[in-house]
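Novice: Chain by chain, the residues run as shown.
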Amino acid sequence: MRAIVRRTLGLAWVVPALVLVGVFVYLPLVQNLQFSTLEWDIYSGSREYIGFDNYRRLLDDPVFWSSFGNNLLYAVISIAVQVFGALVLAALIESIRSERWRRSLRAIYFVPSAISLTVAGLLFYFIYEPSLGPLNHLLRAVGLGELAQAWLGQESTAMTAIIAMSQWQGFGYSTLLFAVAIQRIPAEIYGAAAIDGVGPIGRFVHVTFPLVREMTGLMAIVTISGAFQVFNEVMVMTGGGPNNSTQVLGTWLYRSGFVRNDFGYAAAIATVLFVITLGIALVQLWFTRRRRVEW
Amino acid sequence: MVSRLSFLGVIVRVFMWAFLLGLAVVVLYPLLWMLVNGFKTNAELFGDPFALPVDWSFDNYRKAWNRGVSDYLTTSVLVTVTSTIATVFVSAWAAYGLTRVRIPMNRTVTALILGGLMLAPTVALVPLVKMFQAMGLYNSFWALLILYTAFRIPFTTFLIRAYMIDLPREVDEAAEMDGAGRWTAFWRITLPMCKPIITSTVLLHILFTWNEYLFAMVFTSGSGVQTLPVGLTSLMSKHGTDFPVVFAGMVIAAVPVVLLFFLGQRYIVRGLADGIGK
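Same order as they appear, the protein sequences are chains D and U.
Residue numbering for the first sequence follows the UniProt record's numbering, beginning at 1 and increasing consecutively.
Residue numbering for the second sequence follows the UniProt record's numbering, beginning at 1 and increasing consecutively.
Honestly, the hints are just simulated from the structure, not real lab data.
Just to be clear, a hint being listed does not mean it is correct.
Stated by the list, open to error - Within a straight-line C-alpha distance of at most 25 angstroms, the following computed DMTMM-like cross-link-like pairs (lysine to aspartate or glutamate) qualify:
#: 1; chain 1: U; residue 1: Lys130; chain 2: D; residue 2: Asp262
#: 2; chain 1: U; residue 1: Lys238; chain 2: U; residue 2: Asp59
#: 3; chain 1: U; residue 1: Lys63; chain 2: U; residue 2: Glu44
#: 4; chain 1: U; residue 1: Lys63; chain 2: D; residue 2: Glu129
#: 5; chain 1: U; residue 1: Lys195; chain 2: U; residue 2: Asp178
#: 6; chain 1: U; residue 1: Lys63; chain 2: D; residue 2: Asp41
#: 7; chain 1: U; residue 1: Lys130; chain 2: D; residue 2: Glu129
#: 8; chain 1: U; residue 1: Lys238; chain 2: U; residue 2: Asp274
#: 9; chain 1: U; residue 1: Lys195; chain 2: U; residue 2: Glu170
#: 10; chain 1: U; residue 1: Lys195; chain 2: U; residue 2: Asp71
#: 11; chain 1: U; residue 1: Lys195; chain 2: U; residue 2: Asp59
#: 12; chain 1: U; residue 1: Lys195; chain 2: U; residue 2: Glu176
#: 13; chain 1: U; residue 1: Lys195; chain 2: D; residue 2: Asp61
#: 14; chain 1: U; residue 1: Lys130; chain 2: D; residue 2: Glu39
#: 15; chain 1: U; residue 1: Lys63; chain 2: U; residue 2: Asp242
#: 16; chain 1: U; residue 1: Lys238; chain 2: U; residue 2: Glu44
#: 17; chain 1: U; residue 1: Lys238; chain 2: D; residue 2: Glu129
#: 18; chain 1: U; residue 1: Lys63; chain 2: U; residue 2: Asp48
#: 19; chain 1: U; residue 1: Lys195; chain 2: U; residue 2: Asp166
As the list claims (entries may be wrong) - Some residues of chain D that are not near chain U, with every Cβ distance over 10 angstroms (derived):
#: 20; residue: Leu144
#: 21; residue: Ala148
#: 22; residue: Ser156
#: 23; residue: His206
#: 24; residue: Thr271
Bear in mind the structure is a predicted one, so any value in this text is a computation, not a measurement.
Here a beta-carbon is modelled for each residue, glycine too, at the ideal position from N, C-alpha and C.
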């Protein structure tokens, strides 16, 4: 009996965390599922159960699909730049012999990741700005003046411009993590490869890449998950415009719920996001479990 | 490594360095441009964007400060400090309970707390707004403190727990035999041994809170409760085309975290690496 009391008292250590996570992370999730089945008028306060109607509306909503497409584009470009590009970059940096240069480059590339996406987004809003922005000035200065344009103001370039900013902001973060992974590869393996006459590219393909494969997989998962949660940079740079061309699921959810006051519909978008991010997280869990068994 | 300075090797190295240094310029130039623009007049900014200001004056910084940045900064500091303390202590308690105390249903409790890592904040947004409105905490400092703490407990607990698992248990057991209660053992022995990971989690939490935008934007609207990231966007929309003032505000928001990164680089990298890979 005393043992049971003691063990139950032990719960006191985890109760604060459990309550906070339970009430503010899990409970809203369940409520969200319920909200997504309601037609909810915030002015009259009337709520009406409408089953899956909000989800049916989603399927017919072109902006929902273009938002989803923008998230996908974000994921694809980020995988190319922030996973594979960053891996090659990290390998290049780690091949430098001077420790001071390695450290400086890693740190310099990381700086944009330390500042907020709001600051980075505003900064690039000005860089892309048609009249005062240095990008157009630079293009004109090197004789490519016909390429100068309103990068964020037209549907054809706005999304790519935002994604480009986000690569600038985020590539140093993944480069740093890849560099850490490469540092953990025992030096003897590289030494053996060098003795066997394997060149630098061969060393990357046959030694570095296979040995950081786990990290590459994890980075890819984290990057995709991040690409579906994009919000900050779009809100700051375009607010989803022009003509909804830069809406992503997060901003379309916000707009539906808090600008157009269509809470039920916003909750339905949230459910879609929930399914996607949970799916990605489960893949990550499976991935780390499997790795642990292998080692 | 064998070094053969063949002609081809030299060419390759030159290209590599040109690429690496070019990339460093691409990263640093926009940041320097931002810094310099904080000193320009509006006419200078609209003139030649690459030129340096004629007169390096702190006027824009003073204006930004008086147009709300002082309030945003105060709120940011308050929210950051309080939520860091709350998150790290609640998480360290939980990690201690999960690794050192025999509690019922340990596996379930662990899964519940760490499972929160899988859930995106955006998904909970609509119900959370309703919930905080009902509690009367919408548009308040408390909303941000609670949300930043609750949503970062899973990650922080994950890091501290992984560290505590690897710590030797003998020390705790010795302390218990000396008659020290669990509470004393936690404060006197386990927590001090966790100093490196606590430092990492503190720094990562500060970076997160300082830069967070989604919750800050949705849950606050008055300038008295807005943090810097949201405040900057209001500064931008409220004051029309006085852009150098906005740049000054951006610099004020960016400098503390950049300094923090350079000072705590070792711990931040460690936390990030453990957070993704362990």
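Novice: Evaluate each hint against the coordinates.
Specialist: Results for each hint:
For a cut-off of 25 angstroms, the pair hint linking U:Lys130 to D:Asp262 stands: about 13 angstroms separates their Cα positions. At most 25 angstroms may separate the alpha-carbon atoms for a hinted pair to count; U:Lys238 and U:Asp59 meet this at roughly 18 angstroms. Using a Cα cut-off of 25 angstroms, the hinted pair U:Lys63 and U:Glu44 holds, with the two alpha carbons roughly 17 angstroms apart. For the hint pairing U:Lys63 with D:Glu129, the CA-to-CA distance comes to about 23 angstroms; that is within 25 angstroms, so the pair holds.
The hinted pair formed by U:Lys195 and U:Asp178 meets the criterion: a straight-line CA distance of about 23 angstroms does not exceed 25 angstroms. Taking the CA atoms of U:Lys63 and D:Asp41, the gap is about 42 angstroms. The hint is violated against a cut of 25 angstroms. For the suggested pair U:Lys130 and D:Glu129, the alpha carbons sit about 38 angstroms apart, so the restraint of at most 25 angstroms is broken. For the hint linking U:Lys238 to U:Asp274, the alpha-carbon distance of about 42 angstroms lies beyond 25 angstroms, and the restraint is violated.
Annotation: proposed proximity of U:Lys195 to U:Glu170 holds, straight-line Cα distance about 18 angstroms (limit 25 angstroms). The straight-line distance between the Cα atoms of U:Lys195 and U:Asp71 is roughly 33 angstroms, outside the 25 angstroms bound, and the hint therefore fails. Our distance criterion of 25 angstroms between C-alpha atoms is broken by U:Lys195 and U:Asp59, whose separation comes to about 42 angstroms. With a C-alpha separation of about 21 angstroms, the suggested pairing of U:Lys195 with U:Glu176 holds against the 25 angstroms cut-off.
Note on U:Lys195 and D:Asp61: the hinted pairing is violated, with a Cα-Cα distance of about 51 angstroms set against a maximum of 25 angstroms. Straight-line distance between C-alpha atoms of U:Lys130 and D:Glu39 comes to about 15 angstroms, which keeps the hinted pair within the 25 angstroms bound. This hinted pair checks out: U:Lys63 and U:Asp242 have alpha carbons roughly 10 angstroms apart, not beyond 25 angstroms. For the hint pairing U:Lys238 with U:Glu44, the CA-to-CA distance comes to about 21 angstroms; that is within 25 angstroms, so the pair holds.
With a C-alpha separation of about 18 angstroms, the suggested pair U:Lys238 and D:Glu129 falls inside the 25 angstroms cut-off, and the hint holds. Restraint check: the Cα-Cα separation between U:Lys63 and U:Asp48 comes to about 23 angstroms, which is no more than 25 angstroms; the hinted pair holds. Annotation: proposed proximity of U:Lys195 to U:Asp166 holds, straight-line Cα distance about 14 angstroms (limit 25 angstroms). Distance check for D:Leu144 against chain U: the nearest CB is about 16 angstroms away, which clears 10 angstroms, and the non-interface claim stands.
Annotated as non-interface, D:Ala148 keeps its C-beta farther than 10 angstroms from every C-beta of chain U; the closest such distance is 13 angstroms. With 10 angstroms as the threshold on Cβ separation, the claim that D:Ser156 sits away from chain U holds: the shortest Cβ distance comes to roughly 23 angstroms. Against chain U, the non-interface label of D:His206 holds: every CB pair exceeds 10 angstroms, the least being about 15 angstroms. Not every beta carbon of chain U lies more than 10 angstroms from that of D:Thr271, the smallest distance being close to 8 angstroms; the non-interface claim is violated.
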